[in-house]
Every structure is written in C-alpha cells, then in structure tokens.
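Chains as they are written, first to last, in full-length UniProt numbering: chain A, 1 to 297; chain B, 1 to 297.
Treat the hints as calculated values from the structure; they're not laboratory data.
Among the hints, a few may not be true.
[Stated by the list, open to error] Residues from chain B that keep clear of chain A, each with C-beta distances beyond 10 angstroms, as calculated:
| id | residue |
| --- | --- |
| 1 | Asp18 |
| 2 | Ala141 |
| 3 | Lys185 |
| 4 | Arg279 |
| 5 | Arg294 |
| 6 | Gly295 |
[Claimed, not checked] The calculated EDC-like cross-link candidates involving lysine to aspartate or glutamate, where the alpha carbons are at most 20 angstroms apart (straight line), are:
| id | chain 1 | residue 1 | chain 2 | residue 2 |
| --- | --- | --- | --- | --- |
| 7 | B | Lys185 | B | Asp267 |
| 8 | A | Lys130 | B | Glu144 |
| 9 | B | Lys130 | A | Glu147 |
| 10 | A | Lys130 | B | Glu246 |
| 11 | B | Lys185 | B | Glu237 |
| 12 | A | Lys130 | A | Asp115 |
| 13 | A | Lys130 | B | Glu237 |
[Claimed, not checked] Residues of chain A placed beyond 12 angstroms of chain B at every Cβ, according to the derived structure:
| id | residue |
| --- | --- |
| 14 | Pro50 |
| 15 | Pro156 |
| 16 | Pro177 |
| 17 | Val253 |
| 18 | Asp260 |
| 19 | Arg270 |
C-beta atoms are modelled at their ideal positions from N, C-alpha and C, and glycine is treated no differently.
There are 2 protein chains.
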Amino acid sequence: MTGAGGFIGRHVLSQLRDAGWEVHAVYSQSHTYAADNEKTAHHAVNLLLPGAAESLCKTVRPQCLLHLAWCAKPGGYWTSPENLSWVRATVELLEAFQHHGGEQAVLVGSCAEYDWSGEGVCREYQTPIKPATPYGRSKNATRELAELFGELHDIPVAWARIFHAYGPYEAPARLVPAVIGALLKGESARCSHGEQLRDLLHVADVAAALVQLLRVDARGAFNIGSGQPTRLREVIEYLARQLDAEHLLQFGVVPVAANDPPLLIADNQRLLATGWQPRFDLHSGLNDALAWWRGQI
Amino acid sequence: MTGAGGFIGRHVLSQLRDAGWEVHAVYSQSHTYAADNEKTAHHAVNLLLPGAAESLCKTVRPQCLLHLAWCAKPGGYWTSPENLSWVRATVELLEAFQHHGGEQAVLVGSCAEYDWSGEGVCREYQTPIKPATPYGRSKNATRELAELFGELHDIPVAWARIFHAYGPYEAPARLVPAVIGALLKGESARCSHGEQLRDLLHVADVAAALVQLLRVDARGAFNIGSGQPTRLREVIEYLARQLDAEHLLQFGVVPVAANDPPLLIADNQRLLATGWQPRFDLHSGLNDALAWWRGQI
C-alpha cells in the first residue's frame, strides 16, 4: 500500500494488520512511529521520482496493490501541477507492479470526477463524468488509464471514488476538525450557510471499504460513501451540542463558491453489493472524531 | 522533436531543417544515416525508460517540443500495452520539458479518439470523443493530460489529430504501400470492397501542418487531414492505372471489420485557419508515393 502515512492510509494500514495481511507500507518520507515487524514492512519512497516504483516493486514483489498516495495538501491539491505528476507516477507504479507479478489493484479516485451540476446523486455508470478541477481531471485520466491497464493485462482493478471522509488524522483545515478545533479552544466557528447536503463517511468505514475491494478482487468504479444525505449544518450543530458550544457557531459568514453543489451524494449500491457495511452512523462517527480530537490537545 | 526516425518524423525533420530551425532530433535507437551538423543534433534515447526525458531535456533545454514518438508497429499498436507506457512517458517528457524552460509544445493524436459510429465528419470540439481501442484511449488520455499541462503551466499546447497519412517511408503493410508493392511485383492486390470513404493526406502535408502548429503557437485540438472524402477504391484503381495493372486488383476478397466506419473525414477548418495549405492533391500525392516506392526497389 502507498500513502500509508496519510489520513486514509493510517486506517487502512491498521485494519490490514489487524486482519493478518502481510503489508508493505509505503510512505512519502521516512517515519519514526513504527518499526518493521513480522507482518509489516515500512518503506520511505518518493514515488514521483522516475524509476522509484520499479525499484520498489522489484524488491517487494507485491501480489496486491492499494494505491492511496497522491498530493493532498488541503486547499492546494485541487489545482496543483503535482496532480499531473501523480498520474504519471501511478501509471509507472501499475506497470512496475504488473512487471513484477502483481495480480490485483485498488486505486483511489474522487467524487470530483463527476459532473456536479446534475441531480447530485452520483451513480458509477450513469452520472456523467465531468471533472471541473485539475485534481478531478487528473484522477479521471488516471481512472481511464487504470481501467485500460486492467483490461490489457487481465488484472482486476477497482477504482474507489471517495466522497467526504472524516475522522481521526483528518487535516485540521477541513470542516469537521476545523469546527471541533475552534469550539474546543472556545473560539467562534465561522461557517457557510451550511445548507449543503453531503455524503459523510467515517474514515474507518472508508478504509474498510478499500480493504473489502481488495478482498473480493473487485473490478470497476465504486463510490465510497454512506449513501445518506447529511446537511452540513446538522453536523456542525451536533458537534456544538456535544461541546455545549452552540453560542460559538456563526453561520453564513463564510461565502459558498458559485460551483458548490447543493447536493452531492454517493449511490453506494455497488459497494454494498461487495458485502461491505459501515460500522459508524453519523452520530457515533462524529462522537469518535470528537473523542480523538479531544485526545490530541 | 521525438520520433525523428518515424514515418512522419522524417518529413518533419527535413522541413524543419530546410526552414533553418535548430533541431534536436530524438530517435528510439541509434541511427547511422545522419551526422550532427550546425543546425541539427541527433539523440538516441529510449523515452520509455523512467528518467530518460529528464536527462534529455536537461541537456538540450528545448524551447519548443514536437512529440511524435509512440508505439507504431503496424497491426500491433492498436492493442499494445506499450500504449500505456507512452502515456506515462509523454507526461514525464512534458514535465521535464517545462522544468527546463520549455515554452510551447505540439503533440500528436489520432482520429481514433473520435466516436466512429457517428456521421463520420469529425469536428474538433463537436464530434463526441469515444475511442474504441487501447491506442485511441491512450491517445485521448494523453490529450486530456497535455491540455491540463498547458493550462497549469500556461504553455501553448497543440494536439494534432492525424487521419490517414500516406507517402514515402510509410510502413509497407499499410494500404498505399501494400497495393503499390504488390502491383510492382506483378502480384495480385487483395483488397476489401474499397467503398470506405477516408481522409488521405500526403505525409509531407501532414508534416507541414505540424510545423505550422509550431510556428503559430497553436493551442487546442487540430484535425490534420485534407477535408476531402476519398473512396479507397479510387485510390487503388488510380495506382493500378498508373502501373497498367488493373487486372491484378481483387476487390472484395479481404473482409471489412464490423466496426470499420463507412466514412471518416477530418473537418480541417481549424487547421486551414492557421495558414496551412496542402501542397499535394490526391493524384499528385499518389504519384509522389509511387515514384518513391519505385525508387526503393
């Protein structure tokens, strides 16, 4: 697995370990928080360097690939030229993986591949693909190439389109941590109107979905979401209630981008059909996030 | 320029040289037919090797890039896994080019990017894109990435969709050389029904179009074609008449693929608007090809 040090990667890694997989965890930089053990090896590799994927796969000879690494700097990643580098690095990784005996791959896409100007409920093989950002366009091109790779080499390739993941290790600037962080500090939480309907899924359930796609040799695109529309205002108010801090909420003071869709939800029928089930509902998930952020102070 | 030893590349190279450009000609393998001179340097580089593009661009520091290299083995290239490698290598080349000061790029696509099940006259920003082959899908993904590259770095990127080029140095297995070759040897030329309407353009005019896109800092997609529908039967019969060999033609003995479109023509208005004009019409072009192949015996 790549991106093992990331928000989603950390959760995937712990679930794979708990399930007894032999894991080679790849990080973008050296890490100090884990030592190799019998079942897990750690590798610091800059996959953007041409040739790095080849060396890695030659050493590890992985049977399965779960590729999470991508540029993910909050704010910046939507428009970064590094998106293009990740497309190229991903194809190089797939080729090296196949060249050294790889048998099955799960890659990660995004709801940003879909046309957001439509009805808002996204179905894998029905909703038009029309990414509006460099990030979405790069993910979508990678999907096209990964799909072609799978066909050319007869290797099962699953493409996991993640919607709105939240939970432990999320970047502090994103919605749930930003609200929790402000309220825990007794500061006001400046929000948009909050009327947007979004598909929130606890990151542990996102990770479980990725592991499930690995387990079942899944092929094709899968939305990774709860399938439930949640009004962001409800999320924010729930968090504030748990913290007795409703007086700190300021709705309507942050403008909403013109292209911000009112509704963006995953149809998760294809994911459910793999046997995956979420462990968290919205409240238990937010409680878990809240407990974790409290522990970080 | 890459692909300098290829069918189209040879013609581009001679035109650039004649026009006084300083050219760095990149070949997939070492070549013996040309020595460096004041205006042209030759480089043997396997661009599929990760890191090769970076070394090349670091040495050459090209201002303009004309990227022709791709897998092109007749028959095989439609479905080769090497198509994917060329996508990855092309992005790597674009990045290295930009990194070392590159200012403008022309890349080569194909009519195989279009949906062939439509009316058959292809317009760059109207005809649906629906490539049906690994080659077409890879070219199309590369176009999406090249377009994004141009936007992210504010570099003019032109995408030249070539239709049916013919002329000196064409691969012997393709239509025009195959018919000429058979008839020159006094063998029968086995053909399909020949009723397909195609857009034929002499390779020197294809090359001139690519050079023109370089000259005018073109941006976006350009069909490279004559704009004229030509029945393949007319091409074959014309060649046979010139060789007094009409008795050797066998029409209808080679089956036509089910997905072979009856009509596939370039709308070349965007190309004409750059100032490009073809030098050859169909007859003078075929005469030129014929003369060249005669000289090869």
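How the hints compare with the structure:
| no. | hint | in the structure |
| --- | --- | --- |
| 1 | Asp18 | holds, 35 angstroms |
| 2 | Ala141 | violated, 5 angstroms |
| 3 | Lys185 | holds, 37 angstroms |
| 4 | Arg279 | holds, 37 angstroms |
| 5 | Arg294 | holds, 40 angstroms |
| 6 | Gly295 | holds, 39 angstroms |
| 7 | Lys185(B) - Asp267(B) | violated, 37 angstroms |
| 8 | Lys130(A) - Glu144(B) | holds, 12 angstroms |
| 9 | Lys130(B) - Glu147(A) | holds, 15 angstroms |
| 10 | Lys130(A) - Glu246(B) | violated, 52 angstroms |
| 11 | Lys185(B) - Glu237(B) | holds, 16 angstroms |
| 12 | Lys130(A) - Asp115(A) | holds, 4 angstroms |
| 13 | Lys130(A) - Glu237(B) | violated, 46 angstroms |
| 14 | Pro50 | violated, 3 angstroms |
| 15 | Pro156 | holds, 16 angstroms |
| 16 | Pro177 | holds, 29 angstroms |
| 17 | Val253 | holds, 32 angstroms |
| 18 | Asp260 | holds, 22 angstroms |
| 19 | Arg270 | holds, 22 angstroms |
Checked against the numbered hints above, the structure violates hints 2, 7, 10, 13 and 14; every other hint is satisfied.
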